Amino acid sequence: MLIFAASDKGGTGRSVTGANLAYRRALAGDHVCYLDFDFGSPTAAAVFDVLDARAAAEDRGLHAYLAGEAGEPARIDVWARTEHPVLRDLPPGTGRLELFPGDLSGGEFAATGENLHRCVDLLLRLDGEYDLILVDLSAGRSYAVDMVLAATARPEMRAVVSRWLVFHRWTRQHVTAAAHLAFGPRGIVAGGVARGHDEDALRAGVRFVRSGVPDLESPLWSQVTPTQSAWMRRTDEDLRQLASVLGAGHRTVLGTVPLDPVLQWREQLITDEDVVVSQIANRETWEALGELAHRLTDDKCWEQA
Amino acid sequence: MTAPEPPARPVLVCGEVRTGLLPSLHALDVRAATQLLRLRSDDHVLVSERPVPRVLSPEILTGVDCPLPAAGGARNRAVGTVAARAALTSGRVLQTTAYVSLPATGPDARRPWGQYLVRPGLAEPFGRLPVRAVAEGVLRGARRGELDLGIIAENLSARLVRHPLLDHRTPFKSRRTRMRWVARRVPEGDKAALERFTLAEDGLRTVELRLPDGVAAAAAAGMCEDLALHDWLLTTLAHMLDDSRLAAADGPAAVLALRPAVDHLLHLWMPRAHVDRSLTAVWDALEEAPGFTRQWQTQVQRIRDQLALQAIPLLHRALSPS
Ligand SMILES: Nc1ncnc2c1ncn2[C@@H]1O[C@H](COP(=O)(O)OP(=O)(O)OP(=O)(O)O)[C@@H](O)[C@H]1O
Ligand SMILES: [Mg+2]
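Protein chains in written order, with the working numbering: chain A, 1 to 305; chain B, 1 to 322.
Note that these hints are calculated values from the structure, not bench results. This one's a predicted model, so the numbers in the text were calculated from it and none came from an experiment.
Footprint (simulated), chain B over chain A, 3 or more residues, beta carbon under 8 Å:
1. 67 to 75
2. 121 to 134
3. 147 to 157
Pairwise CB distance ranges (calculated):
4. Gln35/B to Glu303/A: 36 to 44 Å
5. Thr293/B to Arg88/A: 30 to 38 Å
6. Arg195/A to Asp263/B: 34 to 42 Å
7. Leu242/A to Asp202/B: 44 to 52 Å
For each residue, glycine too, the CB sits at the ideal point set by N, CA and C.
Bound-form chain A, shown alone (with noise of 0.2 Å):
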């Protein structure tokens, strides 16, 4: 299955809280990969902690790939090659996390002709390889957004399920953002429908993910004065109504990651370590990835909106 982690805006916990959904699936048993597909400002190695491995291959990500500069993208193996300690001390039962990184020097390039043609091979090639692909997407109606688009239209990626996750803060900007880059006039689907996808079916696989929401309940608000307290509520409320009336509702929520102090400042795995051991991580946003992990495949969450 192939999950593309897509948002309007740039700073939306896409590429976070992507490699976190990436890391507990593999945990969870799956064989899973991370395409970093946001070339120019590629960042998961340094969220898995690969940093040497990544410097190690040099120009032969993914966009050097997709040009046809390389003839296979480099692959790290994250459990091999992390620095991250915890990370290197697997229980029983994972699955291969591999992450394909982009390239830093990557511009922009045409999502067509042999570029395209070899986006698709990856694409199929990785699905008869790995239960769940990641694509971290470059913020906004990106080149990559419209390449990935293309290429799942194509005859061939028929057999291939591919879902959609778009990030977003919790404020009002985002959450209209979000839902112009869903389904506005030049968003995902629209794009989509104008390479041939049919409107239905991609609609329907098209989830939001609230991400650094604020959990109003948390002892992280508790110490608010009563008149701030009725006035973040009041705003969530509102907010809710907003996301509801621009067709970001509830029913098309896939999930909400909290605001987690440990994300706050740091772009990292949140590991049980975290929670349990040293404790500087909520559980609830362990909590929240691992749910929001389960329901990247299973089918009740993605049932016609």
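Once you have looked at the hints, place chain B with the ligands on chain A.
Just chain B with the ligands, lined up with the frame of chain A:
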């Protein structure tokens, strides 16, 4: 007009093979396989039915004029054609190979293309070929702009995989392997031999051979395809066993994980079956160490044991009065 100088004797043959599961729910029968591998209308697809059906495509050529990969940055450039072909074993395992023969020396200027085209699968160096450096360079892998046999093999594989005959519903998840090989020519009458076979990370294997003059480069390509096929079978079976061990707490899951091995792989082990007679001895070295067939049999036995164990509770239930 004088006849063009014929190229010098090849001293090196280099190739790369990709091996993987055909992305199709069902194995292709020989007819469909023939259709898939008909890369050219003017040449035949070769079919051998026994002991395991294997279908081999005609060769297609790619014109090249570029530096060869070479260790230590030895300066060189070669012009000519690279041959590529595809093979499908038992309608299940798809392999594509790109290979090229390199003579010891070549003219200092480019010939008219027609002269290269009459010698398919040969690329001539400008001047002397730095044999050792190129052999090492090929095994290490091409850098940007250098002759990349992997890209040629990959392109052919991609072209086949896009064929409308394939439904892309694979019966199980598996990984492809890549094998880079170089064969140094030795005088006719010398023994063919495998000098080195290594497993690198990321599914990459490298092979070094000694190939007597008089044995066709295509025979070496066939030998390496056979080796790559069996290496892929071993690797794939090992991964399945790993995955099933993970699921072992849960009986039915273990069966589900191993079942595809029985359905699709176990009957494919037939080393040497399609290897040119002059090269079958090369396999003997592999049977001694690392003992390919011995490893295979051990794994097959473990799979059979696993499946038998899983069947016991079922039998128990079936036999006990309820
Ligand atoms: N649940 C969360 N709570 C707090 N901070 C978070 C949370 N999720 C992500 N962050 C932080 O927000 C920042 C942006 O996240 P991330 O880099 O994943 O966003 P992005 O959408 O991939 O951005 P870009 O478009 O720049 O690639 C990071 O510093 C990250 O650690
Ligand atoms: Mg990012």
